[in-house]
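> Sequence:
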Amino acid sequence: PPPDPAWPENRERYHDMRVDQRRGWSHNQVIEEWARSAPQQLSLLEAGQYDAVAQDPVNVTGLGVYPRHLLANTMAFNVFCHLRNDMLAPDGPLPFSLPEATDADVAPAVEFMIAGIPQMQGPELAATVTEPLVLELTGPGATTVTVRPASGDDGILTLEAGAHGETKISSTALDFVNWGTIRKPWRNYCEVTGDTSSAERFLDRLNIV
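Heads up, the sequence shown is in full-length UniProt numbering, so the first residue is 1 and it goes up one at a time.
Using 25 Å as the maximum straight-line C-alpha spacing, the simulated SDA-like pairs for lysine to any residue come out as follows: (1) K184 <-> A142; (2) K184 <-> V79; (3) K184 <-> G62; (4) K184 <-> G139; (5) K168 <-> E136; (6) K184 <-> T196; (7) K184 <-> D86; (8) K168 <-> P123.
Since the hints were made in silico from the structure, they are not lab data.
Keep in mind it's a predicted model, so treat the numbers as computed, not measured.
Based on the sequences and whatever the hints tell you, model everything.
What follows is the structure, given as structure tokens:
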């Protein structure tokens, strides 16, 4: 179904609304809802992978329009990012450990993040890009894309697979999940070569949610 027009357009405020609706719940109520709804959601996400509907555009309020098959990546991103970075130690309250992240863990989250770069901040981010910027991510989830300046009437950045520019931003894909969502400062994790001032304008503004 289409988004309820009464919902906040800002995605983070939408999440706040959903949390507020459950704020008085007990731990058991939260776990019961998860156990009940997660299989239903997984079935819907699996159905979105079929060729007949995989490319259908779906509006994700506050984040942009994505092909239906990529909705599975949004869930992979949410679980991977929030579990590892917000819930588990050292940055979260839960003193548990997980195995080292693999390509299968990181790549789906990174694919969604990259798809969101042109959309989540729109012209605000596009205004910072005046030359092609190569984003090289290494390790589990590795990929390389080039962020190109906006050229169409919509004023939105375009992305191209591979390296097609003189200015390069290098980081591990795992760290990108942290600094790309401004949980950590990008300067602690990125190596920039080429026109550093051009890359810095982009990196200082980037905020993937």
